[in-house]
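Required output: the full structure, derived from the provided sequences and hints.
Number of protein chains: 2
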Amino acid sequence: MNSIIPLLQQARKASISIRKLGDQQRRDVLLLLARAIEASEAQILDANQLDLDAMPDTDPKKDRLLLNADRIADLAGSIRQVAALEDPAGAVHLTRELQAGLELQKVSVPLGVVGVIYESRPNVTADVASLCLRSGNACVLKGGKEAVHSNTAIVDVIQQVLVEFGLPEAAVTLLPTPREHVQELLTATRYVDILIPRGSDSLIQFVRKNALVPTIETGAGVCHTYVAPGADIKKAAEIVVNAKVQRPSVCNALDTILVDRSAVDELLSAVSAPLQAHKVEIFADDIAFPILTELGYPYLQRATEEDFGREFLDLKCSVKVVSGVDEAFEHIETFSSRHSEAIITEDADLAERFLEEVDAAAVYVNASTRFTDGGEFGLGAEIGISTQKLHARGPFALEKLVTEKWVVRGNGHIRT
Amino acid sequence: MNSIIPLLQQARKASISIRKLGDQQRRDVLLLLARAIEASEAQILDANQLDLDAMPDTDPKKDRLLLNADRIADLAGSIRQVAALEDPAGAVHLTRELQAGLELQKVSVPLGVVGVIYESRPNVTADVASLCLRSGNACVLKGGKEAVHSNTAIVDVIQQVLVEFGLPEAAVTLLPTPREHVQELLTATRYVDILIPRGSDSLIQFVRKNALVPTIETGAGVCHTYVAPGADIKKAAEIVVNAKVQRPSVCNALDTILVDRSAVDELLSAVSAPLQAHKVEIFADDIAFPILTELGYPYLQRATEEDFGREFLDLKCSVKVVSGVDEAFEHIETFSSRHSEAIITEDADLAERFLEEVDAAAVYVNASTRFTDGGEFGLGAEIGISTQKLHARGPFALEKLVTEKWVVRGNGHIRT
Chain A
0 MNSIIPLLQQ ARKASISIRK LGDQQRRDVL LLLARAIEAS EAQILDANQL DLDAMPDTDP
60 KKDRLLLNAD RIADLAGSIR QVAALEDPAG AVHLTRELQA GLELQKVSVP LGVVGVIYES
120 RPNVTADVAS LCLRSGNACV LKGGKEAVHS NTAIVDVIQQ VLVEFGLPEA AVTLLPTPRE
180 HVQELLTATR YVDILIPRGS DSLIQFVRKN ALVPTIETGA GVCHTYVAPG ADIKKAAEIV
240 VNAKVQRPSV CNALDTILVD RSAVDELLSA VSAPLQAHKV EIFADDIAFP ILTELGYPYL
300 QRATEEDFGR EFLDLKCSVK VVSGVDEAFE HIETFSSRHS EAIITEDADL AERFLEEVDA
360 AAVYVNASTR FTDGGEFGLG AEIGISTQKL HARGPFALEK LVTEKWVVRG NGHIRT
Chain B
0 MNSIIPLLQQ ARKASISIRK LGDQQRRDVL LLLARAIEAS EAQILDANQL DLDAMPDTDP
60 KKDRLLLNAD RIADLAGSIR QVAALEDPAG AVHLTRELQA GLELQKVSVP LGVVGVIYES
120 RPNVTADVAS LCLRSGNACV LKGGKEAVHS NTAIVDVIQQ VLVEFGLPEA AVTLLPTPRE
180 HVQELLTATR YVDILIPRGS DSLIQFVRKN ALVPTIETGA GVCHTYVAPG ADIKKAAEIV
240 VNAKVQRPSV CNALDTILVD RSAVDELLSA VSAPLQAHKV EIFADDIAFP ILTELGYPYL
300 QRATEEDFGR EFLDLKCSVK VVSGVDEAFE HIETFSSRHS EAIITEDADL AERFLEEVDA
360 AAVYVNASTR FTDGGEFGLG AEIGISTQKL HARGPFALEK LVTEKWVVRG NGHIRT
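Respectively, the protein sequence lines represent chains A and B.
Mapping the first sequence onto numbering that gives the first Met the number 0, position 354 (from 1) lands on 353, and the numbers just tick up by one.
Mapping the second sequence onto numbering that gives the first Met the number 0, position 55 (from 1) lands on 54, and the numbers just tick up by one.
Please keep in mind that the hints were generated in silico from the structure rather than gathered at the bench.
Warning: the hint list may mix true and false statements.
As the list makes no split between identical chains, a pair holds if one copy fits it or if it spans any two.
[Claimed, not checked] Quick list of in silico lysine-lysine cross-link-like pairs, DSS-like style, CA-CA up to 30 Å:
hint : residue 1 : residue 2
1    : K12       : K208
2    : K60       : K315
3    : K105      : K233
4    : K233      : K144
5    : K105      : K234
6    : K208      : K144
7    : K61       : K208
8    : K234      : K315
9    : K60       : K278
10   : K12       : K105
Here it is in structure tokens:
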């Protein structure tokens, strides 16, 4: 294939058919799709096996690529959940009479064509397709070549369902994998309304640098938990340990423990046993290092400058001891990726100051940053966590797959 | 100056002070600012004269650069209007208990630091500063070097008012004009939250290509008015003429008359006299050309391909005759810049189909596209008209100078 533009044009045309579907029809498409995914388990797993066979066992992406009966069931379940969510399109946000007989409305409408660029995980294919169909959008999917058989099998099932409903297959288009087509996608402003890169930091940076199509940045999470003076150390320890170990490979996991000098001894005493049990490697600053040495902490390193502002995505974290609240806030301002930030404190004024001043998509008092998630927030499946401030901040879920349109109905009105 | 980064850092720091201001304080700052602008009329006009003297009289930008007593009064009036608007920050969009004692809120908060890159018009300086201060944001302004004295004089007045309120001057920062600093601004993702280019298409395209900071595209307006079969020709003619001549230099002015074959004779007969009176040059397609020749229309050219999809910004328009509704919709889909599109029709079903299917920021039935404007829509002053779909579509006014923040208050909550 020389160009993907014809595919993008077809997707754009197909988006009109999807936009015109009624709410119940969209739900019906998804419910049938969930059944079809379950019924096609064998084909999808066969295709997945081809992808798995081609990937070395040592590749850390192998688990993300893997599908099995449970994960297929999860896929179908997730589609049913999306079907049950409320349609974000169609809402009338404002009605105003500009002059006698000249009526203005601001209405919520589907975006049109949503582009997603992603890597190994084939479940993204089904998640994105179902979110887009639910909200009246078409989508163009650029998956990784390591998942090409799995993605093709899933999109085949989706397209069969579309055809059964008399809808154009192009409403869910899987783009060819070769890298040379990425540039066409990134600059296809006439056909693609929004691009969401989902995957490694290098993928996201590449898209950000080269896209002309408006992009949502779903960036890295460099997340701090700040244990303030006078914090309840038991709460602090439970939250810190949970934020680090409950699922270390994700973006809302803790990266740096910020702890006030007045609380550091007590806090490190409280967390060292549970962190040790999970073999968490600690990169400690000059104050925390001797304390952890004293406690006999076995997985200990001296922190270097690079260990602050670093997203570990692993059973690793850094510890920074601060003198007072201002230093803590300044550290967060300097090193946060503005994803999720927490304070542990019993001081209500300080808590409110933290919530107001700290600039992040999600800010927490006395809770684990691990809650930043579309599902946990009650929004349903998400396409990613936005760390920028335009359009969507935090979980990018169904409710954000719309834009506005200004509709004006007159009767010969002119501007004077 | 070697780098503008220190200025951007100061603006970011200043944004916290502005964010913390109460609603009434923000209004008070603007009200004093309006008075200070009026009181400084002489200085501002002197500075403006320096800019005017340096610009050749033949430069078409000269009128945009010009300030006078009336325009200063307008500036102050516009600031007072912004002061009277409702603060978009602080709204709580959602409150949800995630678990017993774990409360989630989605709140509306200021963006932080708003960057605007613009050309000759010094009124943009005061408009943007007042919109940003009203909504709790700092701003960094990169004006054109042809307006440097005017902009400096206006920012001096603004900064004096900030100082009177004990606020940091850096909350409204005028950046140095040399071009080499633009790249720093476009990539300053840690300090600038949003960039809005306002001006020529080449400026906008440059920003779109090179910015890493999220950008709002305030693009060109290639606007069609489609006269459908059976349209009321009197209404059609009034609207077409108004959309073209009332203010031809702006983005919501008509560029192309699309007219059904069944209505073309009557329509052109009706519009030729008023368009001729305004010396509107018409680029007519092969069907319209002989009709206008027959009518003795004096300012007539044969349309070339380039005359469709062209933004004239002048007393010029093209005429395209279509056979049926589908061809009209297809023409708009191909050539529209998705800014403002109108249909003239007495057919209610066709009107609704147009409003639904045509993909543009503003869609009209039986009204002039000239209404697409923050002021006309009742939103107050605008920073520009967004022709993309993320965050803001159509007039980018005060209500869009905010983002969301997810606030979670717990009491030791962890994720299991």
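Results of checking the hints against the structure:
Taking the shortest Cα distances, K12 and K208 sit within 30 Å of each other both inside one copy (28 Å) and across copies (26 Å). In this assembly of identical chains, K60 and K315 lie within 30 Å of each other by CA distance solely inside one copy; the values are 19 Å within and 58 Å between copies. Taking the closest pair of Cα atoms, K105 and K233 come within 30 Å of each other only across two copies (28 Å); inside a single copy the shortest separation is 50 Å, beyond that limit. With identical chains, the CA atoms of K233 and K144 are never at most 30 Å apart, being 47 Å at best within one copy and 59 Å at best between copies.
In this homomeric assembly, K105 and K234 come within 30 Å of each other (Cα to Cα) only across copies, at 24 Å, whereas the closest approach inside a single copy is 46 Å. Within a single copy, K208 and K144 get their C-alpha atoms as close as 22 Å, and across copies as close as 27 Å, so both meet the 30 Å cut-off. Only within a single protomer do K61 and K208 lie at most 30 Å apart by alpha-carbon distance; the minimum there is 28 Å, versus 36 Å between protomers. When the C-alpha separation of K234 and K315 is checked against a cutoff of 30 Å, the pair qualifies only within one copy, where the shortest distance is 21 Å, while the shortest distance between copies is 70 Å.
Taking the shortest alpha-carbon separations for K60 and K278, only the intra-copy value of 22 Å comes in at or below 30 Å, while the best inter-copy value is 67 Å. When the C-alpha separation of K12 and K105 is checked against a cutoff of 30 Å, the pair qualifies only within one copy, where the shortest distance is 24 Å, while the shortest distance between copies is 35 Å.
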